[in-house]
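**Student:** In case you want the letters, here they are:
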Amino acid sequence: MSSAVISTSAALRRPFLFEADAEPDVYCHPERSGTCVKRISRGVEGSLDDPRLASVLPASQLAIRPASEMASSGIPELDALTGGLPRGCLTEICGAASSGRTTVLLATLAAATRRGEFCAVIDANDSLDPQSMAAAGVDLDRLLWVRCGEEIASKSKSPEGGCPTPRPFRRVEIFSQKDSTIAGSKEISSRESEHRLEQVLRATDLLLESGGFGLIILDLADVPPQSARRIPLTTWFRFRRAVEHKATILLAIEQQPIAGSCSSLLLKLEPAPKNNHVVDIEPSAAKRRQSAAHAASRGFGNEKDQAPEGRKKNYSNTPTGTELSHINLFTGLEIHAELIRSRMDRKPAHSIAFETKTAWAG
Amino acid sequence: MFACIYIPNFSIAAALRAEPELHSHPVAIFAGKPPLEKLIAVNEYAKRLGITPTMTKAQAELCSELALRPRSPLQENSTHAALLDCAQSFSPYVEDAACDTVLLNLAGMESLFGSISKICRAISDRAVALGLSANVATASNPDAALLAARGFPGTTIIPVGKEAEQLGPLPTAVLFNDRLEGEGKKTADNLVETLDRWGIHNLRALAALPEIALSERLGQEGLRLQQLARGAAPRTLVPVEAPLVFEEAIELEHPIVLLEPLAFLLNRLLEQLCARLGSRALATQELRLTLELSNLTGVDDEFENPGIPSESDGSKQNHVGTAASGVRRSEGPQLSRRHTKFIRKLSLPIPMLDAKVFLKLLQLDLNAHPPGAPIMKIHLTAEPARPRSAQGGLFLPPSPEPEKLELTLARIAGIVGEQKVGAVELLDTHHPKGFRMRRFVAEVARRVPEKKTPDSAEAQSAVTALRRFRPPLRANVTLENGQPERLHCAKKKEVQGEVLWKAGPWRFSGDWWERDAWSRDEWDLALRNGEAISFHRLVHDLLGGGWFIEGTYD
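Sequences listed follow chains A and B, in order. Last residue of the first sequence: 362 in our numbering, with the numbers rising by one and none dropped. Last residue of the second sequence: 916 in our numbering, with the numbers rising by one and none dropped.
If you are wondering where the hints come from, they were derived from the structure by calculation, not from laboratory data. Honestly, I wouldn't trust all of these hints.
Calculated pairs, DSS-like style, for lysine-lysine (alpha carbon to alpha carbon, straight line, at most 30 Å) [to be verified]:
(1) Lys-395/B with Lys-419/B
(2) Lys-703/B with Lys-246/A
(3) Lys-400/B with Lys-419/B
(4) Lys-739/B with Lys-707/B
(5) Lys-246/A with Lys-795/B
(6) Lys-795/B with Lys-357/A
(7) Lys-246/A with Lys-718/B
(8) Lys-722/B with Lys-357/A
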């Protein structure tokens with residue numbers, strides 16, 4: 001929490017926690033430090049004689065800043081590492097693709113909706129998967145999903161309340177062909193990404209102003225770092241100021257840290273260095289995956305032949321192509337989380353590891 | 363006890379209700395076919411300037427200070443509806459006596475609203491809140507109350523038994539105030555003339571006439587008039603059940619081209635609607651805006667012009683459009699084929715009653731969907747609904763305020779698109795895109811969340827998530843023994859490389875009975891791209907052909 005916050009808190013006469021024998025933390029020349037401290041102390045004491053300032057305590061005596069209320073992230077290991085996510089603060093979670101950022105995002109959402117809070121996700125690239133949300137236990141009624149993208153209001157031709165009809169892949173193919181023709185133009189992609197970022201920032205401003213949300217997530221995970229870094233620090237500062245003194249958790253998911261000192265908690269995720277993709281050939285899970293695909297009648301033979309019980313595999317040891325690939329099952333990721341910065345405690349950076357599992361892994 | 367609410371100079375009152383800024387100006391209302399338009403009503407300020415209702419419009423136009431307005435049946439209907447709302451907010455027994463007069467039975471209302479004088483004052487205040495300046499009178503019978511309201515300005519309370527005494531000073535013309543047109547007016551004029559010839563100028567004199575002699579000369583009508591003059595004409599009220607229709611309209615002399623003056627008029631209509639709804643202790647959940655547009659070029663109404671640009675850019679001045687009116691057959695803005703009407707419907711998740719919020723929502727909606735032609739008439743209808751009743755709890759987590767949230771959502775929809783903001787609803791299908799967006803409502807979700815045991819909840823939370831590419835990325839796949847060995851994606855350089863490990867194929871298919879049938883093989887695979895390893899879902903479209911990267915496990 002910044003000094004500005006402390007001043008505000010002091011002016012608002014909010015309670016602070018103090019250490020009993022806290023010394024004023026004022027820099028002076030070592031030889032003259034005693035004189036300096038005495039002079040300042042006298043000045044402070046003199047000002048405290050003013051009856052109007054009787055209830056105001058000098059900031060120099062503040063030893064411990066008011067602690068933020070912490071909320072569970074939904075992953076016990078992360079909670080053990082960070083103490084939870086601080087309310088009224090900006091939290092950054094960064095990492096590369098497949099580092100578990102979205103898993104943490106959904107776990108946090110699920111935990112917040114379980115507490116009965118309303119949540120909002122501003123999805124910069126329209127990349128969240130509703131099935132994954134439901135599988136993670138997110139209460140979809142309590143989630144506001146803002147899907148930023150290229151479409152703007154004036155170009156919107158879709159009928160009101162219309163349901164997106166399932167499209168055959170043929171049409172998708174046409175889109176991707178068109179996309180691939182313009183993919184070479186970096187300028188267009190940069191403009192798109194700027195447009196999306198602008199949408200994200202405007203939507204975030206509006207949601208923060210609206211209030212009442214327990215958790216607001218900026219999903220910038222697919223925004224290239226060079227674009228994300230163009231967000232000025234003043235914007236992050238504005239967000240931090242807008243969210244403080246509120247019970248809202250502002251969470252940003254990104255590839256690299258971009259909010260600088262505006263974030264109160266910075267967490268870095270990455271795949272665990274080894275043995276992070278253990279694939280467990282579990283008959284029940286394989287059965288579920290097959291059942292979900294209702295593929296038993298089309299293309300799959302005897303399940304027992306494909307999924308021998310108790311067999312475990314590591315991808316790095318698997319000779320690809322030498323055996324049937326559907327005897328494998330992707331069961332989850334092992335994530336390594338490192339606490340880079342936290343305003344809540346002064347502990348040195350430390351890390352933990354936790355595992356995630358796919359919806360069909362049981 | 364009965365009360366009467368009377369709006370003097372009704373046409374003027376209707377015009378002033380639509381244009382409150384004219385309250386301190388001379389105003390005259392004219393009617394008739396050009397060029398024979400005549401004044402039919404003038405206010406006090408106009409009378410002081412020498413303007414009388416017998417003048418022609420051309421004569422009145424010589425007075426530069428005079429505000430001349432055409433008679434507007436739309437505004438008069440709205441004013442009459444507002445008058446009924448005012449009466450029905452005090453008593454369920456209301457008689458619609460005339461367009462400018464309503465009667466109401468106050469029996470038993472003292473326990474709710476206080477003494478009769480308090481009720482009179484409250485009625486008068488309510489009428490002012492609805493933009494009306496009303497005379498209010500109470501008496502022991504409806505007709506006495508009606509005569510008192512028409513005869514005395516302000517509030518009049520006639521005690522029981524004092525009717526004849528109180529009504530005495532009123533001129534005899536007050537008995538015929540409801541006969542303003544046709545045969546009734548002629549008969550009334552004859553009767554007044556006859557009474558004048560007899561030297562009967564007020565009700566006291568009429569009440570004192572001998573009954574038999576009066577009956578011999580004027581018949582039963584004379585006796586009825588005498589009973590009225592004595593304030594002793596007992597009758598039962600004929601209550602009406604006014605339909606719950608809340609509609610306000612403005613007819614414009616000159617078409618509106620810009621959104622800013624339209625917002626000004628909409629604000630006025632919304633305030634009137636909200637005042638009416640509020641007087642009936644109602645709110646609204648649906649607003650319907652109908653704009654009648656002028657067809658400038660006279661093109662066929664079936665002409666389709668889908669390309670009317672949206673002027674949502676704040677730097678530009680917002681026009682409602684100057685191009686030819688077009689027909690939109692989408693479910694959004696609708697222009698009817700015959701009448702060139704532009705209709706917008708604003709559905710709210712919960713009943714609300716805040717004119718400012720409604721105005722902002724309508725503005726945002728019109729910014730996104732401009733009418734496309736100059737506007738001639740504005741109709742605004744509110745569908746009444748019971749106001750929401752919600753009680754917050756001290757220990758409940760905070761939730762967004764519905765009005766604020768609705769505005770925020772409308773603003774965000776203006777930024778990202780209407781279908782891109784809301785809550786998700788999963789569809790009962792195995793299709794990977796089996797979801798749809800629906801309106802996000804904070805109220806509905808106020809229920810207590812299901813309690814789960816911590817273990818199961820945590821176990822459910824750490825589920826590996828998929829991030830989808832929308833649309834899926836086309837990929838070139840190198841196969842070996844029918845299995846993917848290497849991927850190349852032109853659009854996303856990060857998603858390419860050697861396949862380290864794979865699981866699949868998992869075959870999905872569905873909707874084979876529809877045109878949009880789908881069938882696909884899914885693979886989960888790990889890719890090595892330089893030092894980085896990432897997990898993706900690869901899809902082989904079995905019907906359309908081609909390989910696509912559908913998403914990344916993250």
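**Student:** Would you mind marking each hint as holding or not holding in the structure?
**Tutor:** Hint check results:
1. Lys-395/B with Lys-419/B: holds (11 Å)
2. Lys-703/B with Lys-246/A: violated (46 Å)
3. Lys-400/B with Lys-419/B: holds (5 Å)
4. Lys-739/B with Lys-707/B: This hinted pair holds, its Cα atoms lying about 16 Å apart.
5. Lys-246/A with Lys-795/B: Not satisfied, since the Cα-Cα distance of roughly 36 Å exceeds 30 Å.
6. Lys-795/B with Lys-357/A: With a Cα-Cα distance of about 22 Å, the restraint between Lys-795/B and Lys-357/A holds, given a limit of 30 Å.
7. Lys-246/A with Lys-718/B: Since the Cα atoms of Lys-246/A and Lys-718/B sit roughly 26 Å apart, the hinted pair holds (cutoff 30 Å).
8. Lys-722/B with Lys-357/A: Between Lys-722/B and Lys-357/A the Cα gap is close to 46 Å, so the pair fails against 30 Å, i.e. violated.
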